[in-house]
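A.B. asks: Chain by chain, the residues run as shown.
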Amino acid sequence: MLMSIYCSKLMRGLLFLLLWLIIPSLHAQLNIEIFGGGASRIPITIVPFAEENRLQQSITPVISADLQRTGLFRLIDPAGSSPHAPVEVVYADWANRGVNALVIGRVTHLSDDQVEIQFRVMDIAKKSQLTGLAITVPTTQLRAAAHRIADVIYEALTGDVGVFSTRIAYVLKRGNKYALQVADADGYNAQSIIEYTEPIISPAWSPDGNQLAYVSFENKKPVVYVQTLSTRERRAVASFKGSNSAPAWSPDGKRLAVVLTGQGGSQIFLVNTDGSGLQRLSRSSSIDTEPNFSPDGRYIIFTSDRGGSPQIYRMPVTTTESSNAERLTFEGNYNASPDYSRDGKSFTFIHRNNNQFNVAAQEIGSRQVEILTNSKFDESPSFAPNGKMILYATEINGHGILSAVSRDGQTRQQLSVQTGDIREPAWGPLPKWK
Amino acid sequence: MRKLLSIALIVLLSACASQTTQPDVEDLTSGTDNGLSGSDLMGSDSGRPSYFNQLNDPNSILSQRSVFYDYDSYTVASEYRELVLSHARFLRDNPAASVILQGNTDDRGSREYNLALGQRRADSVKNMMILSGAQDVQIESVSLGEEKPHAMGHGESAWSQNRRTDILYRGE
Chain A
24 MLMSIYCSKL MRGLLFLLLW LIIPSLHAQL NIEIFGGGAS RIPITIVPFA EENRLQQSIT
84 PVISADLQRT GLFRLIDPAG SSPHAPVEVV YADWANRGVN ALVIGRVTHL SDDQVEIQFR
144 VMDIAKKSQL TGLAITVPTT QLRAAAHRIA DVIYEALTGD VGVFSTRIAY VLKRGNKYAL
204 QVADADGYNA QSIIEYTEPI ISPAWSPDGN QLAYVSFENK KPVVYVQTLS TRERRAVASF
264 KGSNSAPAWS PDGKRLAVVL TGQGGSQIFL VNTDGSGLQR LSRSSSIDTE PNFSPDGRYI
324 IFTSDRGGSP QIYRMPVTTT ESSNAERLTF EGNYNASPDY SRDGKSFTFI HRNNNQFNVA
384 AQEIGSRQVE ILTNSKFDES PSFAPNGKMI LYATEINGHG ILSAVSRDGQ TRQQLSVQTG
444 DIREPAWGPL PKWK
Chain B
742 MRKLLSIALI VLLSACASQT TQPDVEDLTS GTDNGLSGSD LMGSDSGRPS YFNQLNDPNS
802 ILSQRSVFYD YDSYTVASEY RELVLSHARF LRDNPAASVI LQGNTDDRGS REYNLALGQR
862 RADSVKNMMI LSGAQDVQIE SVSLGEEKPH AMGHGESAWS QNRRTDILYR GE
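Chains as they are written, first to last, in this note's numbering: chain A, 24 to 457; chain B, 742 to 913.
These are computed hints drawn from the structure, not numbers from a lab.
Backbone N, C-alpha and C fix where the C-beta goes; we use that ideal spot for every residue, glycine too.
Incorrect hints may appear among the rest.
Claimed, not checked - Facing chain A, a subset of chain B residues (Cβ under 10 angstroms, in silico):
#: 1; residue: Leu796
#: 2; residue: Arg849
#: 3; residue: Ala857
#: 4; residue: Arg861
#: 5; residue: Ala863
#: 6; residue: Asp864
#: 7; residue: Gly886
#: 8; residue: Lys889
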């Protein structure tokens, strides 16, 4: 059974958005290195698709790289064998090579600028097709098509949602220039959203992926902006007397939690995304910052030093301000920068351990903490929308780089740029068609 | 009139200097931010209030603009007390003058948490100034967190220079 889903229209819309509206600028190709990997990786072979070599952008290498980065797959070379249709698959041969899943496919050139890609995932043990799809895309969007295919393969073999078609945002500092950039999840297609000679921090994706909130220091103090990616139109959402920072989107995309100092201290407020409807949420004599909404919008987790050291707390989102919050972290004397997983069952944060700042994750129910990294200066962890990876900033040889670690701590990957410091990553939401 | 002209000039120059992508930013503060962004653009002293001469006299303590802190400390150390009090008296005696206090931290730990720590430093200077006669409307305390270090690198010599509050006069 070959499902025929012509998602070209959707994809065109998505990429149109991506390519058209964003300033092509500081070229920042991210290089990716992978470390470690789980013990029980799925052995898979991806046969180069028929007629793929006529394309300007090969498809199967992108799929292979996507799957490899998860640490869940072991890629086995096709070693000269190149079936493209089910009838050409000799199951016994692939079984002998230890292959569990075989990906085959074909590219059909519909016109000069449009192709159809058909692919199938074959289950070697069951000698049958696990899944398959045909996608029609413009030749300018072959990487996006490859990510879509990788998502389908990942979902068929792991049962989890794939995140290869998502985007990431981060800040790139080069010399005295700061660029807020958006790139594909694999680091390609990096584009600057805005560039300044003053710092930019704390980018946060709107739930629909159409806007970014961030903090800019261009006016000699921190001010919270919201910028629409498609039009590049932006507005100051919080520019009150004092400092304005730490924006977090409510799950319905209608409000932002922000941290303001105008009424004394650093306190959490809610504000509509047009800057109206300011409402104070926390009231304490301590620092309350880094708010992050639970996926159901009922709670905010945040960093507070109300107990004497920075720890993570949880408070309900209500229409009145509150001085009460439930403390969530108890290990160590520095826990900060919380980010909820999409299922709301856990959060990732930065934990200081013997003067090292590491990425950790904690289950909210059991309070079980896992420290996932062993570097020195990890910052701003951000969950992938499927909860399987955590993107964070770290430092190597004095340079800021992005890194990602699997939720179980087994696999790490580094994303680095040739020059410059890269920091403040935020993993974007799943695309709308997911 | 001279003051009006200078503000107009600053606004014009700021507009020219800013990028075309610069959005309209609604200024919800006391409405004097434009003076700050023009600070690099004023080539001469013409049109400035006369009190700036006093502020920039290298023999005056008012020319000193930074308060430094011990590790994990937000209180103004005794050695900087006279500096802060001098600026407070100056503000008291020149009601038209106003300052922005920028708190800063070293680069260890969360950027947003450091922003809040830097705010505490700026707030402590502000409180001291208000207790010494400056008016609340003359002072905006903000934080730059770890984003604008004086010295780069990891180590106490760099960190000690970055734990500071800077005093900036608007229109300077």
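A.B. asks: Give a verdict on every hint.
C.D. replies: Results for each hint:
Checking Leu796/B against chain A by beta carbon gives a least distance of about 17 angstroms; that is not within 10 angstroms, so the hint is violated. Restraint check, Arg849/B versus chain A: the minimum CB separation of about 8 angstroms is within 10 angstroms; hint holds. For Ala857/B, the interface hint holds, since its Cβ comes within 10 angstroms of a Cβ in chain A; the closest pair sits about 4 angstroms apart. Satisfaction of the interface hint for Arg861/B is found here, the shortest Cβ-Cβ separation to chain A being roughly 7 angstroms, below the 10 angstroms cut-off.
Checking Ala863/B against chain A: minimum C-beta separation of about 8 angstroms stays under 10 angstroms; hint holds. Residue-level restraint check for Asp864/B holds (minimum Cβ-Cβ distance to chain A is 8 angstroms; threshold 10 angstroms). For the restraint placing Gly886/B at the interface with chain A, the shortest Cβ-Cβ distance is roughly 8 angstroms, inside the 10 angstroms limit, so the hint holds. At about 7 angstroms, the closest approach between the beta carbon of Lys889/B and any beta carbon in chain A falls short of 10 angstroms, and the interface hint on this residue holds.
Hint 1 from the list above is the single one not met by this structure.
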